[in-house]
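Peer 1: Listed below, chain by chain, are the residues.
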Amino acid sequence: MLEITCPICHAKGDEIDFTAGGEAYIKRPATQDPQKVTLHAHYEYLYIRTNPKGPRNELWHCTRGCSKWFIMKRDTMTLEIIETKCFDTDLASEIKLDNKSAIPKQHIKKTPTPSQKTTPSNKPKTKPKKTSKKN
Amino acid sequence: MSAKPYRLHSNLSSDLCGTHVNRNKVCNFTFDGKNYTGFEGDTLASALFANGVRVVGRSFKYHRPRGVLCLGSEEPNALVEVGEKGTHSPNLRATEVNLYDGMVARSQNRWPSVDFDIGHVNDFLSPLFPAGFYYKTFMWPASLWMHYEHIIRRAAGLGTAPTTQDSAFYEHFHQHCDLLVIGGGVAGLVSAYAAAKSGSHVILVDEQAQLGGCSDYFNAQIDDLDHNLWIKMIISELRTLSNCTVLTNTTAVGLYMHRFALLNQIVSHTHQAEGFSPKARLWKVRAKNIILATGALERPLSFANNDRPGVMLSSALRGYLRRYDVVAGQAGAIFTNNDNAYETAFILKEAGVNIKAVIDLRKQIPHVLRKRAESLNIEVFSGYAIVDVKTVSMGKKIDHISIARILQSGRISQLSSLNVDFVGMSGGFNPAVHLFCHVGGKVQFDKKINSFKPKNDIPHITSVGACNGVFSLNNIIKEAFNTGENVAMQASLYKKVTLKKPKKIEASTNSTLAKQWFIPSIRKYNDGAKHFLDFQNDVTIRDIELAVREGYESVEHTKRYTTMGMATDQGKIGNINALGILADSLDIDIEKSLTTTFRPPFTPLPFGTIAGTKAKTLFQAIRQTDIAHWHEKNTIDFEPVGQWRRPYTYRQAHQSRFDSIQEEVKNVRENVGLLDASTLGKIDIKGPDAVTFLNRIYSNSFSNLKVGRCRYGLMLNDNGFIIDDGVTAKLADNHYIVHTTSGGADSIAAMMEFWLQTEWRDLRVFITPVTDQYAQIVIAGPKSRDVLNACSSDIRFGADDFAYMDVKQGHLNGVPARVYRISFSGELSYEIAVPAAYGLSLWNTLLECGRSYDIKPYGTEALHILRAEKGYIVVGDETDGTVIPKDVGLGSMVSKKKPDFIGKHSLLLMDDLNRDNRKQLVGLFTEDPNEVLPDGVHAVNEVKKAPPMKMIGHVTSSYFSPTLKRSIAMALIENGRKRMGERIAFPFDDKIVHARIVDHIFYDKKGERQNV
Chain A
0 MLEITCPICH AKGDEIDFTA GGEAYIKRPA TQDPQKVTLH AHYEYLYIRT
50 NPKGPRNELW HCTRGCSKWF IMKRDTMTLE IIETKCFDTD LASEIKLDNK
100 SAIPKQHIKK TPTPSQKTTP SNKPKTKPKK TSKKN
Chain B
0 MSAKPYRLHS NLSSDLCGTH VNRNKVCNFT FDGKNYTGFE GDTLASALFA
50 NGVRVVGRSF KYHRPRGVLC LGSEEPNALV EVGEKGTHSP NLRATEVNLY
100 DGMVARSQNR WPSVDFDIGH VNDFLSPLFP AGFYYKTFMW PASLWMHYEH
150 IIRRAAGLGT APTTQDSAFY EHFHQHCDLL VIGGGVAGLV SAYAAAKSGS
200 HVILVDEQAQ LGGCSDYFNA QIDDLDHNLW IKMIISELRT LSNCTVLTNT
250 TAVGLYMHRF ALLNQIVSHT HQAEGFSPKA RLWKVRAKNI ILATGALERP
300 LSFANNDRPG VMLSSALRGY LRRYDVVAGQ AGAIFTNNDN AYETAFILKE
350 AGVNIKAVID LRKQIPHVLR KRAESLNIEV FSGYAIVDVK TVSMGKKIDH
400 ISIARILQSG RISQLSSLNV DFVGMSGGFN PAVHLFCHVG GKVQFDKKIN
450 SFKPKNDIPH ITSVGACNGV FSLNNIIKEA FNTGENVAMQ ASLYKKVTLK
500 KPKKIEASTN STLAKQWFIP SIRKYNDGAK HFLDFQNDVT IRDIELAVRE
550 GYESVEHTKR YTTMGMATDQ GKIGNINALG ILADSLDIDI EKSLTTTFRP
600 PFTPLPFGTI AGTKAKTLFQ AIRQTDIAHW HEKNTIDFEP VGQWRRPYTY
650 RQAHQSRFDS IQEEVKNVRE NVGLLDASTL GKIDIKGPDA VTFLNRIYSN
700 SFSNLKVGRC RYGLMLNDNG FIIDDGVTAK LADNHYIVHT TSGGADSIAA
750 MMEFWLQTEW RDLRVFITPV TDQYAQIVIA GPKSRDVLNA CSSDIRFGAD
800 DFAYMDVKQG HLNGVPARVY RISFSGELSY EIAVPAAYGL SLWNTLLECG
850 RSYDIKPYGT EALHILRAEK GYIVVGDETD GTVIPKDVGL GSMVSKKKPD
900 FIGKHSLLLM DDLNRDNRKQ LVGLFTEDPN EVLPDGVHAV NEVKKAPPMK
950 MIGHVTSSYF SPTLKRSIAM ALIENGRKRM GERIAFPFDD KIVHARIVDH
1000 IFYDKKGERQ NV
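So the protein sequences, as listed, match chains A and B.
The numbering of the first sequence is numbering that gives the first Met the number 0, which starts it at 0 and goes up by one.
The numbering of the second sequence is numbering that gives the first Met the number 0, which starts it at 0 and goes up by one.
Think of the hints as simulated: they come from the structure by calculation, not from any bench.
All values derive from a computational prediction rather than experimental measurement.
For each residue, glycine too, the CB sits at the ideal point set by N, CA and C.
Don't take each hint at face value.
Below, in silico cross-link-like pairs of lysine-lysine (DSS-like), each with a Cα-Cα straight-line distance of 25 Å or less [claimed, not checked]:
1) B:K613 - B:K283
2) B:K441 - A:K52
3) A:K26 - B:K896
Now the in silico label distances, taken between C-beta atoms and shown as ranges [claimed, not checked]:
4) A:I81 - B:L617: 32 to 40 Å
5) B:V706 - A:Q31: 32 to 40 Å
6) B:V266 - A:T77: 31 to 39 Å
7) A:E82 - B:D588: 40 to 48 Å
Next comes chain A alone, as it looks inside the complex (with noise of 0.2 Å):
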């Protein structure tokens, strides 16, 4: 049973609580240019994975916590969390992202919370705008 703390809420649990998404970084060309989507392209974005014997980046989603996506980084071999971090790296600066020490509280009030998410006012201030994932 993997011990996962979520980069973003902090919330700390099992896999049960958390929910495995795959393979990170996988590109979708149709996002990048949907003109020129070639098959071969779109054909590995749909099946190619790398599997590999060691570290790989995975996408996490935080179920039962913040309900948002990040990313760890794992040792398929270990089973060693190498690190975990959000898509942001404007959040993730604000946040400091250190499983083992205790998170001091004023950086906790700077993480998005339930309510700020639901005002769309509050909303570009906390989404940086037209970022794209920090590969």
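Using the hints provided, position chain B relative to the given structure of chain A.
Peer 2: Same frame as chain A, now just chain B:
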């Protein structure tokens, strides 16, 4: 005095003996129907010994009579059922079952009785039952397997499953701690003590009822006092510490990744429910550090007939005497390759038990041992071995043993016999590395102990004491103190304290042991003289050798071919001996051989414990709409839809299901019907980019949808296959409500989040699942408008004011309501959504207003017939994850203009999705209008006498339509739309049903009825 023949009289034994039993409290119990008595504190095994019961079970394959071999959870033979037949617990180890007054227990794997077992004939026929016997015999012909299997299942196998529902309950505990210590022997106790004293939050578990491990059956001195006094001091100190949880009768059954442990705590010892106390409790512990102090298991010696009742592990003999004051027989001998077994001889002899001899494989024996044996009048045969065990009464009682000198050449000489009725054997000790291996820990061979010990290569998991290959008391205590303190230093609440460490430890030391896996026999090898390795699975040396001869050289292959180390035993008793024999047979060094994989659980875990409270009504939560209680009063017929229970049809017990459904459909077509559609998935979508998002999620376009209008949408995955459908309404600019299927609501909302958070992070859209926030009621039928007009409302329902596919917001009976004019039945129909708590009041209002219009509720089956008559698809019926829009006649729902949507590029690029002969949705009319095809039956091109026949498609939905007064079906048929009018066949076992392919829209093809 009522002293039992095998229970020592308390006056004769010393204070150290019988420590576990309370002689003032007698427990009556039955075993295989016979009445016996024991004492409080006894295990079932010790109580049986006290009553002179030797045979407690039959072996797995040969049905040989078997007695108790061990003292603890490693017992392979004495598997028993406890409890009244039907509610009993099977496969319990008698050595772990604590006796209680009124216990009912039975032996297993015997027929008709444990004393006389017909299966015993297998023992004499054993040349016919070699390893891999089942594989070889039953390979051919395959058709007879069903026949063989029946016989094998009866002949082989462990206990029987209980037949009635378990009346007890179980629970789960979740716990975090700084340190989990597994094993309450000296090593575990000292580690826990050192860490807990230093401030760590510690959990200490032990599978036995009392702490101390095996310390009560060896002799040692700590600071000039009996070591047990010092251990008692440690235990009582631990019990006073609030930061240390001590769990006894609790087995660590499995160790998993990231220091997660499963502990099975037995709470009720009567194997019954006891008031509000659970029978067992499963602890799920996440520890920052784990110390394994699981000790070691004694190895048997592989001599001829070493499985006879009365042959036991040497340490077990000692344990039974010290704990329960019982002995296995009247006169005994000890067979050993090491020093430790001498302790057994001395302790037993000093307690007045007749120990005739110690037979030692070694030629060199430490002088002290020899001298002490002489003084106690125990004969020592060094360089000797037991070469056979002779029994009387069909193998149930030892008559005498044959011993002989083992020469350098491997030959034997100077044969003599000893009249004994029990034997204690010791082949050394194996560190119990099972839990360490559960998490992928590696082991290494240690020549000194002739066994495998952990490599300690897993962070935060440390083995201490005997399970780490450390056997001297002095070193164990030193190591445990160090490890405990080191772990505590890592914890956040560390405080430095001075621990009471012992200054002087005196205990016996161990000299070198003899390394001999195979003990020769006087009889022709293996001819009636089986050398058992794995007692539970009846694996002998001969089986391993046969496996090697037949090419199974890898340990893992040999394990599977011979069944060694399987079942509940998991290699506790026989594994190292078997590896030794395997290495011998392959003529390789055992150091180079690998061990088999030890898997959880360490001891069997009952299903009830795994289920915990998630059983019976708590197995799964049932979601209820506001109208659920009304449904329960008005029908007995429900069907599960996701976590919901929806009325299948409204009827009472005396009504026929068929008539009730047909009546409901007719009433919707002729008058008006009411459906609780609150279970329908509802997702609220808001934001400046909402329409862009919908355009990417759905295959059809939402760009030109106006406020106040609804549109049917089709959702695909990126492989191009249909995954959901439903109506989306535009409530305001940048505000939509999306309806999904009842079962798909949660997964669709999650999928939308996935795309927004991972792929389209620039879109400003918010998704809120609101399924539970609204009660939604469908009112359908030609008179539905009249009913709504009869209600008090500020919404005008007339055809000119409220067009088909409009959505209006207003009030109904003073309650805020959203009304959608959409139709899944093909009739004039409205769907009314109100805040969830008003669901029942709206339902009652509509029933009241509709009374003069013959309004009636209808269930899910009528809903399905109504939609099937109209040819509407249901995702999951007409689609199965491989169906694209074109297949079900919805090709026009795929936008050609939109540059991108989920699924678009697969539909464009993938050859398979563009081939001509794909299966297409068609309607079917059976030739006999009363013949209703079952769902899922396959159509064939050409009917032959026997399979194979080429299948061309299958029925997706099939009903008797009251509107058409005949059977109708929808089917996915290869190239179906080009085969209109063709006759296809469905072969059954006893008949062939023919059907004609027709259009899948059976009723009101132009859609005039819903558009009035």
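Peer 1: Any of the earlier hints contradicted here, and which numbers?
Peer 2: none
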